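Enquirer: Given the coordinates of chain A, assemble chains B and C onto it according to the supplied hints.
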Amino acid sequence: MSTIATKTWTTSRLRAWLAALALLIVAYGLVPYFGTTYLLEAILTPFLALSLAAVGLNLLTGYAGQLSLGTAAFMATGAFAAYNFNLRIHGLPLTASLLLAGACAAAIGILFGLPSLRLRGFYLAVSTLAAQFFVQWVLTKFGWFSNNNPSGVIDAPPLSLFGFSFEGPLGRYLFTLTVVVILTAVAQRIVSTQTGHHFIAIRDHELAARVIGIPVFRTKLLAFGLSSFIVGVAGVLWAFAYLRTVEPAGFNLDRSFQIVFIIIIGGLASIRGAFFGAALIVVFPVILSCLGSWLFGGLFDSGVLDMSQRIILGLLIIIFLIVEPNGLVALWDRLSQSLSSITASKRNHP
Amino acid sequence: MINFDFAFLIEVLVGGLLAGVMYSLVAIGFVLIYKTSGVLNFAQGAMVLFAALTFVSLLERGMPFWLSLIITLAVMVILGIAVERVVLRPLVNQPPITLFMATLGLSYIIEGAAQLLWGTQVHGLELGIDDTPFEIAGVLISKFDLVAAAIAAGMVILLTAFFRYTRIGLAFRAVADDQFAALAVGLRLPQIWAAVWTAAGVVALVAGLMWGARLGVQFSLSLVVLKALPVLVLGGFDSILGAIVGGLLIGASEKLAEVYIGPMVGGGIEGWFAYVVALVFLLIRPAGLFGQKLVERA
Amino acid sequence: MNQGIVDLPETATGRSGVGHSLALRLDAIFLSFGGVKALADVHLAIAPGEIRAIIGPNGAGKSSLLNVISGIYQPDHGQVWIGDQRFSRVPTQRLARLRVARTFQNLALFKGLNVLDNVLLGRIADRKATFVEQLLGWGRAGREQNQAKERADAMLDLLHLKHLSNRSVNSLPYGLQKRVELARALVADPKILLLDEPLAGMTAGEKQEMTRFIRAARDKIGTTIILIEHDIGVVMGLSDKIAVLDYGRKIADGTPLEVRTDQAVIDAYLGVAHEESRAVEV
Chain A
247 MSTIATKTWT
257 TSRLRAWLAA
267 LALLIVAYGL
277 VPYFGTTYLL
287 EAILTPFLAL
297 SLAAVGLNLL
307 TGYAGQLSLG
317 TAAFMATGAF
327 AAYNFNLRIH
337 GLPLTASLLL
347 AGACAAAIGI
357 LFGLPSLRLR
367 GFYLAVSTLA
377 AQFFVQWVLT
387 KFGWFSNNNP
397 SGVIDAPPLS
407 LFGFSFEGPL
417 GRYLFTLTVV
427 VILTAVAQRI
437 VSTQTGHHFI
447 AIRDHELAAR
457 VIGIPVFRTK
467 LLAFGLSSFI
477 VGVAGVLWAF
487 AYLRTVEPAG
497 FNLDRSFQIV
507 FIIIIGGLAS
517 IRGAFFGAAL
527 IVVFPVILSC
537 LGSWLFGGLF
547 DSGVLDMSQR
557 IILGLLIIIF
567 LIVEPNGLVA
577 LWDRLSQSLS
587 SITASKRNHP
Chain B
18 MINFDFAFLI
28 EVLVGGLLAG
38 VMYSLVAIGF
48 VLIYKTSGVL
58 NFAQGAMVLF
68 AALTFVSLLE
78 RGMPFWLSLI
88 ITLAVMVILG
98 IAVERVVLRP
108 LVNQPPITLF
118 MATLGLSYII
128 EGAAQLLWGT
138 QVHGLELGID
148 DTPFEIAGVL
158 ISKFDLVAAA
168 IAAGMVILLT
178 AFFRYTRIGL
188 AFRAVADDQF
198 AALAVGLRLP
208 QIWAAVWTAA
218 GVVALVAGLM
228 WGARLGVQFS
238 LSLVVLKALP
248 VLVLGGFDSI
258 LGAIVGGLLI
268 GASEKLAEVY
278 IGPMVGGGIE
288 GWFAYVVALV
298 FLLIRPAGLF
308 GQKLVERA
Chain C
30 MNQGIVDLPE
40 TATGRSGVGH
50 SLALRLDAIF
60 LSFGGVKALA
70 DVHLAIAPGE
80 IRAIIGPNGA
90 GKSSLLNVIS
100 GIYQPDHGQV
110 WIGDQRFSRV
120 PTQRLARLRV
130 ARTFQNLALF
140 KGLNVLDNVL
150 LGRIADRKAT
160 FVEQLLGWGR
170 AGREQNQAKE
180 RADAMLDLLH
190 LKHLSNRSVN
200 SLPYGLQKRV
210 ELARALVADP
220 KILLLDEPLA
230 GMTAGEKQEM
240 TRFIRAARDK
250 IGTTIILIEH
260 DIGVVMGLSD
270 KIAVLDYGRK
280 IADGTPLEVR
290 TDQAVIDAYL
300 GVAHEESRAV
310 EV
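Protein sequence lines correspond, in order, to chains A, B and C. Okay, so the first sequence: first residue is 247 according to my numbering, each after it adds one. Okay, so the second sequence: first residue is 18 according to my numbering, each after it adds one. Okay, so the third sequence: first residue is 30 according to my numbering, each after it adds one.
Chain A extracted, bound-state conformation (with noise of 0.2 Å):
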């Protein structure tokens, strides 16, 4: 008995890696080829950002369970940073801003995860938020951050990565890709040690988290260091490559709330949830653009889109709570098994 158990496990393990293969090939291989500017520079590029962001707000809130909601700042922290060390710092290779500009965030996440020695639940919503508007206020005030730009708009600088340079959509798309991939491969070992064990033991039961041995607030800190270094690089990303300036506004509580429903629609404690939830907030806007003009023609202008926008977001919101809480992953899994078990069931009886 225990043999099939390990022969299905490996089966799942290896299909797993395969999909992954496949997904590779197609970013790498097929996207430059067709995919148009519209394509690669309005949806798959913030989507990637998206994407990242929300894998490391995951790591955070779906497996250490400590809720944020100030996501956003973390973002701007990273733009910022890397925006600095990039200015300030002649002859900095931009792969060193990066990593420099995740380690600033990083800082920040965890100085704002001090308190959650003590808070649990809202109360540490409340710190995160105070990070939230608090570093926006810091951003937006003190204009050495923008270097006294007085549009206090700035641009991004050009990118490279190991020497190579990334230009034009497609270049920037690439850049996206790569450090979005890097990222997420370190974020699922992350979660398949016992750090990411640790996390979701102290999310299940802290108490008997505590009582077994875990550090619990060491390993707490350790969720907001490493949160908010995968957050600040996603924000160096939105700025960098999708937007192209680095502005405060950009970055404020509705990205926050924007990253939060991204996991909860897409799967809490799930890497996979990441992206699934950025796909569908990134494209529905558009679907419903293209819909409601469709539909409704002229009346349904920029400020009906808005709001409609957020109608079915907030409903989208709360189907998901009450019908999947588990995400789209879960209805994808469920989708997928069932699938497999109609084509075995035809495999046995043709």
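Source of the hints: derived by calculation from the structure; they are not laboratory data. Because the structure is a prediction, the values reported are computed rather than measured. Backbone N, C-alpha and C define an ideal beta-carbon position, used for all residues, glycine too. Do not rely on the hints blindly, as some may be mistaken.
Pair by pair, the computed Cβ-Cβ distance ranges are [unchecked claim]:
| hint | chain 1 | residue 1 | chain 2 | residue 2 | range |
| --- | --- | --- | --- | --- | --- |
| 1 | C | Ala245 | A | Leu581 | 37 to 47 Å |
| 2 | B | Ala99 | A | Glu570 | 48 to 58 Å |
| 3 | B | Ser237 | C | Arg115 | 53 to 63 Å |
To give an idea of the chain B side of the interface with chain A (calculated C-beta under 7 Å), a few residues [claimed, not checked]:
| hint | residue |
| --- | --- |
| 4 | Ala119 |
| 5 | Gly122 |
| 6 | Thr149 |
| 7 | Pro150 |
| 8 | Phe298 |
| 9 | Leu299 |
| 10 | Leu300 |
Expert: Only chains B and C this time, still in chain A's reference frame:
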């Protein structure tokens, strides 16, 4: 000795206290719902916006004041019942964090619906209270703020009396204390929750009218909820008195900080100061000033 | 271990004489919540390798006692000795290092993990590898993981849970979940094991099995066991000594026979005198 302008200090302080009262108006709605169902209703701000927008739009379409008020009240009642049926009942045994996320989604729905129905432009709101400042002992006080404080006080008195002397109020308190025991004595939870959310809706309407008259009725009204959170942290999530005291403290400290510390750092600290105060407070006294201390029984 | 005549204040010497070391000792524990007295003047002395049951009516303070021993509650007065270390409040986060493990009345499994991972976590106190080492899988991280897995597999084998290793704990019936929690506690090789109603909600057959496992833990590993349990038949057959609590006070402390025939205990808890009751043979 530097000539310290005490009159100015008092003025700022009083202004801050009265602004704090406005925060309390919103926070009281939170407390109502949290006290009876343990749900932190993030959609309270959206409800404020919705109530104010409905009222103002009816007014603008020529309806008389009192009719508009009654219709808006009716709408908030329907909203309360709908929320209980559609959102709360299916999620009844979920952990509090899930319910909080649901109210997050709810806030998006209500905000979107309000503006889809009534439009996104700013509406002015005239309540017949003119905002002429008057002087007491050399300190300028806004008449409007005083009326707001009076209304808030009135509401607290009404609510306290309601909880203590009416059967429904008693039922609210029973549910807040122990849901299962309440069920055991035959209290119908769905009805009570619908009533609670309606009450919160009424409170939201009052808050919406006051805030709308002061700021104009527009989308940013729903962001007032963000200021209510530090108020709740200070006052305790389940105490109406705490909502008042917390509001006063937050309002006062915010204004004082803005006036005295603000210029040193370029201003605009009102955006986050309340949160930092709340955070510091949380680290010293996690349950808030009047909240019930949680005894963690393993 | 005989310490000799020298009086070492930190040694948990029992009243019976110098040099008799106890596994666990509670001295004059007082605990109250608000106005409610949960524990009043409770003394307890437990020898190594002993199975001590704590019984009493609901609300007598049994769980509170366990919580004091595991540091979740801080007593208002009194001391807790674990081995020869004295505490006014036991540091919960160091329990594992003190080689104390416990289970909870309401099940404290990690629902997001499977059976094997839950049990593996029981060994974490012995791990020295840092987060980075674990991430890279280098050197001692890999070794520690393998060692832990071996221990966990052995424990699962012992408790007949091996075939469920990859199942999510959520999908298991209640009785099996309780067994997993026991496995997690035992895998840490504890010197002292605190069990809070380990048999609650089990069928007769499950209880027999569980009782066997508990006894095996003491017999094979030499663990000192303190358990709260309501099934008097099991308690009588399993325990070396029994302490009886009522309204936060200890009203009896002795062998099963002594306790069974103690009038105060009968009045408070057992009801009719149990002359005919037979201990459950395990």
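Enquirer: Which numbered hints does this structure break?
Expert: Per hint list: 2, 6, 7, 8 violated.
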